[in-house]
Every structure is written in structure tokens, then in C-alpha cells.
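Engineer: Single-letter residue listing:
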Amino acid sequence: MRRPPAITGLHGAGGIRIVTLDWKPVSWATVVDHYAVYADGALIGKTVYPHFVHRGLGFTGVTRSYSVVTVDAAGNRSAQSSPAAVANLTSVTISGTPIATVGTFDGKGSELALSPKGYAEYPTRFPAGVDYTYGTSTPAADWSYLLPGPADKWAGTKNHRATFRFDLPAVPEQDLDLALWLIDSHASLAASALLTVNGTEFGRLTFANGATKGSTIADSTYPGSPLKPSYLEVPLPKALFRAGQNVLELFKDQGSWIAYDALGVFGR
Amino acid sequence: MPSRRTFLQLTGLSAASVTLGIAAPTTADATPARPIPDGAFALGVASGDPRPDGFVLWTRLAPTPLAVDGHGGMPASQVPVQWEVAEDSRFRHVVRRGLAIASPDLAHAVHPEVRGLRPGREYFYRFRVGTQVSPIGRTKTLPAYGDQFTFATASCQAWYHGYFAAHRDIARRAPDAVFFLGDYIYEYGIVAGDNLWRAGVTVGPEHGVEIETLEQYRLRYSLFKSDPDLQAAHAVAPWFLVWDDHEVQNNYGAANSLYGVPPELFVHRRAVAYRAYYENAPLALDSLPQGPSSRVYRRYDIGSLARVHLLDTRQYRDPLPVDEADRVSEQRTIMGAEQEAWLYDGLRRSRAPWNIVAGGVVLSAVTDDRTEQWDGYPANRRRVLEAMGGAGTSVMLTGDIHRHVASELKLDFADPASRTVGVELVCSSVGSNGDGTDTDAYAKDWLQHPYMKLYNARRGYVHSTMTRSELTTEFVNFPYIQADADAQPNVVARFRTPVVDPRLEAL
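As they're listed, the protein sequences go chains G and D. Its first residue numbered 1, the first sequence is counted upward by one per residue in UniProt numbering. Its first residue numbered 1, the second sequence is counted upward by one per residue in UniProt numbering.
Bound-form chain G, shown alone (with noise of 0.2 Å):
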């Protein structure tokens, strides 16, 4: 038995509950049949790119020691590589103190207005977009499940808003984490929104790809769920906020929908 040659360069990034990793692939010399992925000596996946990503970590950051194995087209197979310690983010929700919500963290869109499956009703429920008071709104008649964008013909084929309102006692002494977390999204065009903090523009949020399932479906935690979650975290300056009511707004101009699990800002 030829063993084939380990790969090297492994190097991985942490983010909420997922640790990408990348590697340099063997040389072509190599026929590979596919890498396999541990983590702390356990088999994690197999995967044929020199790239994986580790999904369905928790939202505490746990450093874990990842190394590949190559396995070669007769089933031959390498050492271990070097290893590489990678740790996944620790979530704002579990490391902030909550300022304002809507919604529950919890992989859920069922508390949230139109849940499950009401999208068709979004053009006569918010005709104006989503205007939620925090403390005053309620989730189930005030946030829809559902922001639509500019490709969804449902939803009028135009661009959509949600202003998100709540109240400081006063400037913050440090910065503020904003969470805003999806159940699922389009699969092809989730693309992004432009986020403005009391008028000003802080920028786009980019959102990952998803199933195009958390239209109809709340929950992304049952087993064999065909949801795909993500995760976005984005530290908010401190300067961007004042004393007395704060204004979050996502403008959805780019592509089609997001669906929340919730949103929030976390002090730190």
C-alpha cells in the first residue's frame, strides 16, 4: 500500500456556530477520492473541495483541533495533517446583555408575524413596511416572518423596509452588537440589505444563501429540517447611538427574501 501525501496549509475561521477551514489541496499527481475532516479525532465529514465548513456548533466559542485525512482513489490513505485549533464564535446572545428584541434566538420563525406560510397576505398587512416599537409591538401582529425583496413578485417586485424602534436611557459607553438571525433564505438571491442607524448609513449586511424552505416552514431545528440557518453578528459603534429612541432600518433592495429567527441589539 502507496500511502498518499497528507495535505498541508490547513487554517480554519470561526463564526457563529460554524468554523470554516481551507487547506492546499494534493498535487494532481494524487487522484483523490475525497478528504476526510476531523475534529478532536472525530470524523466530521468528507469532502472532495479543500475547503469544508463544520456546521451545527453551538453558539459558545469551544476551541476544537481539526486535521484532514486524504484518502486516494484505490482507498489508500494519509497521515493525519498537521492540525489546526480553530474555535467558533461565542454568540452576542450568549456573551451581550439584551437591549431591544424581537423575536426569539432559537431557530424558530413561529412568534413572528404570518408564521408559517402567510407571505401572500404581506402586501395588505404591511403595505408600508414593518414599523415595530420595541416594548409597544407585539411579534405575532408587528414583524413580519418574512422581509421580501425587489425579486419577489408576491411582494410587489419592489424594495422593501423594516424600521426597528427602541429606547437608550443614554449614549452607550461602549459599542452595541446587533443580531440578526434567519431561519432560512432564498437559495440563489438572498443577497444583502442597507442598514441605517438613526439616518445614518452603516452599511450593507450580506446574507448567506439558504433553501428557499423558510417560507413556509418556522423551524429549522426538527431533524431532517430543510431549512438552512444563518447567523449574522455585527458590532454597531457606540457614536451611531443617542439618548431617548434609537431607529434600526433594513432596506431590502437587493434580491429576494430573508426569514428571521430574530433580531436584536446586545450590549456588550
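In short, the hints are calculated from the structure, not lab data. Glycine included, every Cβ here is placed at the ideal spot set by N, Cα and C. Mixed in with the good hints there might be a few duds.
[Stated by the list, open to error] Across the chosen pairs, the derived CB separations fall in these ranges:
#, chain 1, residue 1, chain 2, residue 2, range
1, G, G41, D, A379, 34 to 40 Å
2, D, E210, G, A151, 23 to 29 Å
3, D, Y259, G, W154, 55 to 61 Å
4, D, N195, G, V62, 35 to 41 Å
5, G, A140, D, A192, 33 to 39 Å
6, G, Y222, D, N195, 21 to 27 Å
7, D, D486, G, Y222, 37 to 43 Å
8, D, P135, G, T63, 25 to 31 Å
With chain G fixed as given, assemble chain D onto it according to the hints.
Structural biologist: Using the frame of chain G, we list chain D on its own:
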């Protein structure tokens, strides 16, 4: 004692031909070191790449064809496989025999290349491993002259959508050759209650995911090739194989995936997909992939009757057009510059009355938004039609669309008065889309054109008989395929195409 290298040179064998299942050192023991589990020939036998003096034989040892590691239940060691070729089905007149080494690197596939036979003749072949003997295959060498040549064309065999009545009927008719025009496998997950329409079968969860690794591609070939009617069609005639997209991934082109895999990653997927394709097809060694590349466009001469050009319209194609100016650009190519030059040169040099050009996707003009097929590459199409116009009458064979279509190839499809340079015979699918119906909502897109003479949306295959003066073609379909493989064939249309002044005359 000579080194291994010297030994191989002395015996006239390259190391590659031994390690790649073409041959074996003359001193190799024909008996496996260890017994091979029963049922080693569960995936059948095949022949292909026919020439006037020989062909390529194929088998892949797999006593447990659906073993999830893709190795078919074989031990991870080299195994000698004997083969013999006879003039009669009882093997009283064996004319060639040899030994090839099946190795785990190629999933224990062997591709012995047989030479030194007589042209235009039927031969029979079989393999032996240990005490096990394979089913007998029948094949033919290409003729030296060729006054008549019969061939079937088939494509798109989604195993999970139904049974292979088409292959059963092809096997019954025993044509001189079979053209398979792509989508030999499909990469999709196979899931009961979703796309598994073949009645009475179940598959394990390992088949329920989109395939990506070599072991998964090998397993998918094993699943499809376990069909007895597909095996029978392989065992009855040499196959000319062309690939399309699903041998890798739906609608891929070059290194571009439509499913969000970046090109620098996707080439790794293409490499294993091409590898599994070679391992499971009766292809000559020059089609063995090198990394992510594989040369599968190639040429044959059926005596002086017809020249055959097999195209690859996937590996070198430009990406989908970004706008109309891009679509109609002179630079656009579905074949790549090198293959284009090769085809035009081959057409120009051919003295045969016919040229058979086989590709994965439809050449004829249908609608400008069908950018996956040649409608997305009109400049390349114009160049091909011009080259066809300067050569013998062309017979374009394609599939992909899961419909029977017959079309006259116009030198300029926009000008109905332009010369007809040949015909295009589009075969429906063997399995893909299940039972089907005679017509459907797409029919009007095709039949709006005066050069389109047939549209039928049931499953089936096409059978043609070529002589030096004319081509007669039967479009065969089946009333159903999902319930079982027993549906009776129905000839839905017959056409005659004269070699001079070609057209489709309904018979």
C-alpha cells in the same frame, strides 16, 4: 534479474497500461492471490471505441456493487482478469485472449484494448476472474467499406425515474453500434416520496444526497449499472459515449458550477466525476483523465460510409451569456477553439457521404433563451453549420431534452430558404422525467419552426439504418416506464433522409 521497468519495455507494455487495467506482464499469474467473492461480474460487461481491427472491452469487478465505499466489495489489491474474444458465441473459435490487471485505483475496472481483428465482423467476448466467468458480450468491429450500418441512440437515463424499456429493446434489435449522448448518471440525491418513481425499489440513505466524492460517483454508477436492461444493451453492441452535464453537475460548464461552488474548488469535483466516468465506460486509454481534464472528443470512420465525430460540449464551453450582445458574440464557443478546429478539419478532410456528429445538447435553433444548448452559442453554431455544408451530409445526434425531436439542419436557421446540410435526430430520454405524455407545453416552442418535423414527450430511443444512399430513422417510444420494464415499443415516427438533397421525409 531485470528491473520492472526493463521487463515492461521488453514485453512491449507501458507501465501505465498495466496499472490502468489495459494489460498485464506476461509473467503475471492469472489466478488471484485470494478468492474473489461470488458475483464479481454484477455490473455486466461492455465494449466500445470500435475500430476496423478491434475495440475496447470493459468490466468492473464488484461482487457487492452497492458497497458504500465505491469499491464494490473488492479487496484493496490487484486482481488478474482474463479475457477472450471469439468468432462464435460458444467460444469454439477464440481469436484473441489476454490478461489485464484490475486495481483498486480504478475501482477494479479493466479496459483491455483488442487489436488485430477483422473488419465488419461480429465477435463475442467474456472475462474470467478465478473460477468466475462473466456474461458473454457481443460486439462488432467497424467495417472496412460499409454498405449498411445500423445504430441506436439513447440518452438521459435517470434510473430513479423509471425502468429501462428502451435499453431492453435496443438489446433485442442488436444494432451495429449504440450512441449514448450523455446524462449516463444523475448527481441528485435519490429520495423516496420525491424523485424515486421507479416502482418497487428502495435505496439506502447513502443514495439520498447529491454526490460529490469519488466514492459517491462510483456508487452512483454502480446503482445505475445494476439495471439488467442497461447491461443487456451494453453487452449487445459497441457503444460510442458522449457526456453531458449530469455526469458532473446539472448545467455545469468548464469550471463553472451554477450552485455556488467557486471554480477553483469545482475543478476538484470535475476531476473525480471524470475519473468515475472513465472507470465505468468502455473508453480507450487516451480518455483517462489527467487531473481535472479529460480528452473525450474523438473520431471514427465507419469504413468509407460515414465519419463519426464525438463532441464534448461541456468541458470547454463559455459561461452562460450575461446579455444578448454576449450571446451573439463572434467569440463565443461551446466547443473551445481547439475542438472547433479539430471538428472543422475532420469534416473538411472527410470523403465519406455521411458525417455523424454526436453531442450532448441540441444544435438546431429553438428559442434564444435556451442558452444551455447551442441557442446560447449561435456563432459557434454558424461555424459548425458552414463546416457541415462543405462536407458530406451531416447527421447530428443529440439528447438532453427528454423529448424526441427531428429537425432539418439549415445552413442558416433564420433563412428558411437556405440549404439543408443534414438532419438532427434528438432522442428522448431512457428514464428521465418518468412516463411522459405525447405532447406538452414546450411543443409549440419547437414546432413553430418549419424545419422541425417531430416532437414527442414520451421516453424512448432512436434507431437508424444508414446506407450509401439514404438514412431511415425510427423514433421509438413507450407508453410507460415507471411501473416496470415490460412496456411494448411503439414507433411514433419514421423518416427517410436521402444523402443527396437531405431532408426528413415522413414514412
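Engineer: Which earlier hints turn out false for this structure, listed by number in ascending order?
Structural biologist: 1, 3 and 8
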